[in-house]
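From first to last, the protein sequence lines stand for chains V and Z.
Residue numbering for the first sequence follows numbering that gives the first Met the number 0, beginning at 0 and increasing consecutively.
Residue numbering for the second sequence follows numbering that gives the first Met the number 0, beginning at 0 and increasing consecutively.
One or more hints might be untrue.
Mimicking DSSO-like on lysine-lysine, the simulated pairs with C-alpha atoms at most 27 Å apart in a straight line are [to be verified]:
hint	chain 1	residue 1	chain 2	residue 2
1	Z	Lys-157	V	Lys-115
2	Z	Lys-196	Z	Lys-219
3	Z	Lys-26	V	Lys-115
4	Z	Lys-157	V	Lys-118
Quick caveat, the hints were computed from the structure, so don't treat them as lab data.
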Amino acid sequence: MTDAHPTAQPTTTPPPADPGVASTPAARGSARRYRQALWLLTVRDLRVRYSTSALGYFWSILDPLVMSAIYWFVFTQVFHRGKVGEEPYIVFLLTALLPWMWFTGGVSDSTRAFIKEAKLIRSTTIPRSIWVARIDASKAIEFLLSIPVLAVFVIATGAHLHWQVVLWPLAIVLQAALVYGLGLIVAPLVVFFRDLERAVKLVLRFLFYASPIIYGTQALPKALHDIAAINPLSGIFGIYRSAFFPGQLDWKEVLASVVVTGIVLVVGVVVFRRSEHRVLKEL
Amino acid sequence: MATTEPVTTASTTTPVISVTDAGIRFKRNRRASRSFKDLFGRGQRRRKADEFWALRNVSFDVRPGEAIGVVGRNGQGKSTLLKLVAQVMLPDEGRVHVGAGVAPLIEITGGFVGDLTVRDNVFLTAGLHGMSRAEIRAAFDEIIAFAEIADFVDTPYKHLSSGMKVRIAFAVISRLDEPVILVDEVLAVGDKKFREKCYRRIDELLAGGRTLFFVSHSDKDLRRFCDRGLYLDGGRLLFDGPIDDALERYNADHGV
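If we strip away everything but chain V, and leave its shape as in the complex, we get (with noise of 0.2 Å):
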């Protein structure tokens, strides 16, 4: 990823290139090496979370459980809801609110990801997408491990379980391209940017209503279909619903879900490469 200028310089001085070496410095297994890198960097904060915190991983079942309480009991017991939604409403609600914890979760610690590692990025040559990789990685093993919650409100609520539950890896390799790509552009502009962190929050708290968590697409206004679904949640929550809402999935907005996210992830990349050498001077 070295921004190679070349200033056509004819002195005996560029050495001949070595023939058909990948110029990596990790040459040995430079994946493996990343993969390690990977591995580490996860198991250091679920150490730390867990000699730092005596409920380690309640935490980060808690919030979400306590919020579907709170819009359960709103939606339910105060307002009544009419179609929006489907029965169990507390299944319906936590097959999206897991997943946004996720993402949620995810995008707004990639705000933090240099800043807060400063001093291992200075010292470390592991590639900087590492960073970002992450913090999708550790949220996404969050969810993964906040499905038992939810089998047991499944099972208590008596919900069904329907074969649209296989459809599931398609939609966390989804939305883990879509935090992943999200993060490659939030990560290195707000090392530049610092108000950009509290703009995302914004921007996160304001998506969370604009995304189908406490209702469904299809109980939106005729007119509203389309934009929905250009949200490229609208489609992956739709997935993971129908494993108990067969209904909530609709296969134009998984399209569109994976066109957008498609797209993210280009402008990630392309993002995080140009300003990555400038990053790593501003930390």
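Following the hints, put chain Z in place on chain V, whose structure we already have.
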């Protein structure tokens, strides 16, 4: 511009480090306003008045086994050059190619986490620098013995004294099995006895055929380890040759 050509001996061995016309610039005023255009623009088209070149037109090759000392006053680009070679910074122009793994003794305590024990930290830092678990396990006792902190292996890192922190960090990084070692002035810390120990370790590594890149203000240390010197001034490579000549030139320019 007028940089000295690298000593062109018979190039039978490919250089392990090759820096070609490298340059890097910084903002004088870090809080200066930035625009998106500024951020994504490539090349030299956008030159702002508040920028300066910390290094420019620097070219040299290093062959395996060479020990290079970098001389120059403060702020003349020595540490920046080291960071470019360590690849924790990327050049704005030119090319820095390092064809082998690097053990950077720069900001060595950077990767250590206060809440984790010394043991966990050793596995973490060595792992991030590319050692496998098996390799770390094999080297673990030696690392602890070198740092002389056998009694604190299960103590959280944050409870160590600052001297111990540097000792364990040096022990880990200097144990990395990488062909290139970069040493910034980290060795200024620590007591005399430990510094001597660090120097012996560097001697051992050199004897083992490693390539050394050494930044120091101490003539004595430079002469002890290095055979070739790079003299930087104002971000330019003014001299590249035997270390004694480099020091002589430096002392002539900035008489002591």
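Checked hints:
With a C-alpha separation of about 17 Å, the suggested pair Lys-157/Z and Lys-115/V falls inside the 27 Å cut-off, and the hint holds. Simply put, Lys-196/Z and Lys-219/Z have alpha-carbon atoms about 16 Å apart, close enough for the 27 Å limit, and the pair holds. Simply put, Lys-26/Z and Lys-115/V have alpha-carbon atoms about 22 Å apart, close enough for the 27 Å limit, and the pair holds. With a CA separation close to 16 Å, the supplied pair Lys-157/Z and Lys-118/V stays within the 27 Å bound.
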